[in-house]
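Peer 1: Each chain, written out:
There are 2 protein chains.
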Amino acid sequence: MSEVVTAAMVVIGDEILSGRTKDRNIGHLAVMMTAVGIDLKEVRIVADEKEAIVEAVNALRKRYSYVFTSGGIGPTHDDITAEAVAAAFDVPCDYDPEAYRMLEEHYKARDIPFTEARKRMARVPKGASLITNPVSVAPGFRIENVHVMAGVPAIFQAMLDNVIPTLRTGAKLLSVSIPSPHPEGSIGGPLAEIQKAHGETLIGSYPKYHDDKFWTEIVVRSRSEEALRGAKEAIEQMLAGLLQHN
Amino acid sequence: MSEVVTAAMVVIGDEILSGRTKDRNIGHLAVMMTAVGIDLKEVRIVADEKEAIVEAVNALRKRYSYVFTSGGIGPTHDDITAEAVAAAFDVPCDYDPEAYRMLEEHYKARDIPFTEARKRMARVPKGASLITNPVSVAPGFRIENVHVMAGVPAIFQAMLDNVIPTLRTGAKLLSVSIPSPHPEGSIGGPLAEIQKAHGETLIGSYPKYHDDKFWTEIVVRSRSEEALRGAKEAIEQMLAGLLQHN
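Line by line, the protein sequences are chains A and B.
Per my numbering, residue 109 is the first one in the first sequence, and the count goes up by one each step.
Per my numbering, residue 109 is the first one in the second sequence, and the count goes up by one each step.
Among the hints, a few may not be true.
Copies of one chain are not kept apart here, so a pair can be met inside one copy or by any two copies together.
Dumping the calculated DSS-like pairs for lysine-lysine here, alpha-carbon to alpha-carbon at most 30 Å [claimed, not checked]:
1) Lys340 <-> Lys321
2) Lys340 <-> Lys158
3) Lys304 <-> Lys340
4) Lys321 <-> Lys304
Derived from the structure by calculation, the hints contain no laboratory data.
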């Protein structure tokens, strides 16, 4: 059996916690992880505060195969992710010569001053390697199993595209969705029995509320195609039985 | 000065972590908390696993004035939030007579069987009080500073509307948004100086990327109107100075 690879995410940003900006990176990472067979197990959204970032990164990097962060790597005083991640690893944060050179060239070519603020974007924790940013040059970085990326969705997505080929990936989690016309309360009992009998699957049940009616989406997940099929058939039989009774 | 009231949120659900469902409750809670002057400081998204829920609830309820959870209070086997929250408080989880009666009447009136699965929705931790659910009856609950609510957005929002009048609220955090035509790299240095000089404000800077151009939204937050105005004027002066130099 293939290895199970896990991941967690840290979203850094007061603007998400205040509701001013709606996060769009969590959903994107979730979909991409599922697509490549990595289990996203936990997400934390924290403020632009050093201790909060350090605590989240340290709690999660020890527990999961990979950690991905978004936000806080720009040039302003509230962009403290690089410093905080360096502190989490207890290493210095300093100018990376390659990042510095790339940024210097980029701004020179555009006749834009390479200010102290812009120079800050070349700072990474000692021992980190760079993650290319095809949108606006200022790189993300990877240190051990932690990948630090931008918060702007277009840049986050581009960086993630560069990171994904470097990851170990697990056996893909297969899934099948079975719509149930019955609300959860009608199928909860039999569904629990089916879950018990099909241990190699994870059966989720998601209530849907639409036009004053409840129905249920049942989702079966498994790393085994055979186990998936077995549980699916059992659920379909159960649903057919309920229809006949009504 | 008014008390600072803080909050955290725990989103419970494999469907969010797999990317199958996009969360809509975090943004809603964030906006509502800001509106009533409560600081949302941290959000965790965890899987439908008892230990994960217990850990998140216990970490956050000790640290913040309020905790709000969404998800996992339906009738199926993967709805384990009530059990997990009871475990977090180390109290039993049992049928609440009032919740049981409400649900029994609701289903009886609709000629729907009151199954064992549906009865599960009457279970709450000992000592909890109910949160009314005007959409589909099955209640949420509050135990100490933890508010447990549904994951279906229409129900989450209705429950939250019932909870908000019961909360202590802090002095409202005022905010003003100042669009800057300059990218972050051009204003990062002077903005950091302004932040230093205006300690009673929190100055955030959010890069915007649109049509191949970077610009910046600067947001100043403060509980004092005077402090807000002072920082705003300093930023506007700084931006005007930069325009003259170009």
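Peer 1: Could you run down the list of hints and mark each one as holding or not?
Peer 2: Hint check:
1. Proximity of Lys340 to Lys321 under the C-alpha cut-off of 30 Å is restricted to the intra-copy arrangement: shortest distance 24 Å within a copy versus 50 Å between copies.
2. Proximity of Lys340 to Lys158 under the C-alpha cut-off of 30 Å is restricted to the inter-copy arrangement: shortest distance 25 Å between copies versus 47 Å within a copy.
3. For the identical chains of this complex, Lys304 and Lys340 are intra-copy neighbours only, at 14 Å inside a copy versus 60 Å across copies, given an alpha-carbon limit of 30 Å.
4. Taking CA atoms no more than 30 Å apart as the test, Lys321 paired with Lys304 passes inside one copy only; the shortest distance there is 28 Å, against 55 Å between copies.
The structure fails none of the hints (numbered hints given earlier).
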